[in-house]
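Visitor: Same order as they appear, the protein sequences are chains X and D.
Under my numbering, the first residue of the first sequence is numbered 6, with each subsequent residue one higher.
Under my numbering, the first residue of the second sequence is numbered 6, with each subsequent residue one higher.
Worth flagging that the hints you see were computed from the coordinates, not collected in a lab.
Please note that the accuracy of each hint is not assured.
If chains are identical, the list can't say which one is meant, so a pair holds when it fits in one copy or spans any two.
Calculated lysine to aspartate or glutamate pairs in the DMTMM-like style (CA-CA distance at most 25 Å, straight line) [stated by the list, open to error]:
(1) 62 to 25
(2) 272 to 221
(3) 62 to 97
(4) 272 to 232
(5) 62 to 125
(6) 62 to 119
(7) 62 to 12
(8) 192 to 221
(9) 41 to 238
(10) 192 to 105
(11) 342 to 324
(12) 272 to 144
(13) 41 to 110
(14) 41 to 25
(15) 192 to 76
Protein chains: 2
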Amino acid sequence: MRPTVYDIAAAAGVSLATVDRVLNQRPGVRIVTREKVEAAIRDIGYVRDVAAANLAKGRVYPLVFILPTGDNSFMHGLYAEVRQAMTRSALERTEIRIVEVPAFDPPALVAALDALHGQDVAGAALVATDAPEVRTAVDRLVDARIPVVTLVSDLTGSARHHYAGVDNIAAGRTAARLLGRFLGGRKGDITVLAGSMLVRDHRERLEGFAALMAAEFPQLRLLPVLEGRDDPEITSGLVSEALAGSNDIIGVYSLGAGNRGLIRALKATGQGRGLTVVAHELTEHTRAALQDGTIDAVLNQDAGHEVRSAVRVLKATADGQGFIAGQERIRLDIFVKDNLP
Amino acid sequence: MRPTVYDIAAAAGVSLATVDRVLNQRPGVRIVTREKVEAAIRDIGYVRDVAAANLAKGRVYPLVFILPTGDNSFMHGLYAEVRQAMTRSALERTEIRIVEVPAFDPPALVAALDALHGQDVAGAALVATDAPEVRTAVDRLVDARIPVVTLVSDLTGSARHHYAGVDNIAAGRTAARLLGRFLGGRKGDITVLAGSMLVRDHRERLEGFAALMAAEFPQLRLLPVLEGRDDPEITSGLVSEALAGSNDIIGVYSLGAGNRGLIRALKATGQGRGLTVVAHELTEHTRAALQDGTIDAVLNQDAGHEVRSAVRVLKATADGQGFIAGQERIRLDIFVKDNLP
DNA sequence: AAATTTCTGATTTACGTACATCAAAAATGG
DNA sequence: CCATTTTTGATGTACGTAAATCAGAAATTT
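Please construct the entire structure, taking both the sequences and the accompanying hints into account.
Guide: Have a look at this one:
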């Protein structure tokens, strides 16, 4: 049988009330007594029964997810996953609220973060836009002892407790490796398509991609980056134009969202050119494109895992607990035609 | 506030005792009354507080993991992960026991399974060896209302509740796709290395691999499968011999364990031949080989995820509950040099 | 209608922890 | 050594559910 608070009391030769004071760091215990109790806790190997504790406390975790607006499948998927998490609220003792802010808009994000102060919030998750003022706003929350995790896009240099997302530099390098190997020594130009260089995840993907390309595939030349703002329409136009303007393009790397537009342009302009294409984020559109051969590989981050991980980490952090690092590492999924879920 | 059993009682106009009888399917309730209560449960949207219920029941989950012996890194990793899960027992109300059986030995596995009858077991996980007698032994457990999940290797056709592992046909196809694309149109022979055709996962990987190769990369010829019994020594010998015997080999697919031997042979015999190699299972050996370029891609199943998933599913099934399918799907990880964790 | 049998209600205890209150004991200051 | 402050003990209630008991009500049988 697992030891309980009664066992601690017996082992330490103190009363239950004193054990409780030590366990919940309430005042009114001499240091010697406190140490005696702590020793007993270690000795008998007591672990607090979190379920019982939460029951007694009537604890709920009001969590806030700050998400950018955005009309692309990835963001839609992310919203859907957060809403899924909401449906599990009763079971998980969470109360999740979504705060929507304009994308790529640091002041709006800062305002949303600052608004949390004084509210009843057990933790916050945000898709970070990389800007100094966002960093300090996050730090203010952390100072206010509110757990913060970044989602999808990180905010290095800030005091956020955790990042629930993939390593985007590694993602860029991986994309380069796949594209380079798939092209099997051919020589030509590569078009890179991004959403916006204002978000850290896109910058990092490009950084990793460009670095590995330069180092290992010198026969491939990177064309200037096209910024499609994660918007299918803009993206479609840019790609069509690029493909029409050059016959040397043999590969495409799409590191942002808005792949609906990319795919449309590829089908219209790229047909029969033998393009090798690597894109990010598995959506219904990229899935279909993988299947019909328009795209050769898709790198993906599982939004569901990211959201569930964020919730677990926020709860654990709010309780001052640790978490299983391996379980909370968000992996970079690589999909080809054959391993689609 | 979440509705409680008291709210059900009030809503249905019955007493708490009756609600309890309905909730825990105890006898002594007329059908009309039972339906009244069930309607009330639906109406007010009651969800049982599992934490409180488990507390009241003093529930613990005695789980058994039946694992094959095996001196390869993957099995070592699997054991380590199960032991990790044991250290979390106190928190998760589990009591995990490992039963070790000889690998590739159906009768031993059957004996281990049958031994569980009558024991206090809330669920069992096993690495299945594919044989009819194993199937019926699993079915006997399921008939005895003991939740069963297969781990790593499935047992289709049996009544197991869940499979915590990857889709191995898809894994084989994916390996073929990567190898085929990486070889970029070159013509030559491919050596395939397996552990044993007695286990379903190896058979399935080969099946997927051969099918896709034949369909999409006809310029690549598959050599007869080498069976290394997941043993580094045997594997090393087989590979050295094969490489020495032919200069037409341009690719290797290692679909089992025992890659330590493969890598040793490649370094000794394959150096400078420009071999493209795809292997399974990320271990310290395959990781190093990826990094130094001996292996080009590694397909992996995360043993930690598999074990944690098995535990979650067994507990949920024991409670007659469902689980989040997306969370319990074990993904096929693809690693190249650049996205190693 | 009486005698059974089957349901239902009321109440209590328990699980492991949190939290509050009040009295008693011990330590500290002067 | 007394007065004061600090520390500790004893006890009770609560969280939401499970499980048991026993009395009483309703349904069924005779």
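Visitor: Work down the list of hints and note, for each, if the structure agrees.
Guide: Consistency of the hints with the structure:
1. 62 to 25: Answer is both; intra-copy 13 Å and inter-copy 24 Å each pass.
2. 272 to 221: between (30 Å within a copy, 22 Å between copies)
3. 62 to 97: Result: close both inside a copy and across copies, 14 Å intra and 19 Å inter.
4. 272 to 232: within (20 Å within a copy, 44 Å between copies)
5. 62 to 125: For residue 62 and residue 125, the Cα distance is within 25 Å only inside one copy (16 Å; across copies 33 Å).
6. 62 to 119: Intra 28 Å, inter 44 Å, cutoff 25 Å: neither.
7. 62 to 12: Answer is both; intra-copy 21 Å and inter-copy 20 Å each pass.
8. 192 to 221: This pair counts as both: shortest intra-copy Cα distance 13 Å, inter-copy 24 Å.
9. 41 to 238: neither (68 Å within a copy, 55 Å between copies)
10. 192 to 105: neither (45 Å within a copy, 54 Å between copies)
11. 342 to 324: Neither: 43 Å inside a chain and 38 Å across chains, both beyond 25 Å.
12. 272 to 144: So residue 272 and residue 144 fail the 25 Å test inside a copy (46 Å) and across (50 Å) alike.
13. 41 to 110: neither (53 Å within a copy, 53 Å between copies)
14. 41 to 25: Within one copy only: 13 Å inside, 43 Å across.
15. 192 to 76: Close neither inside one copy (36 Å) nor across copies (45 Å); limit 25 Å.
Checked against the numbered hints listed earlier, the structure breaks hints 6, 9, 10, 11, 12, 13 and 15; every other hint is satisfied.
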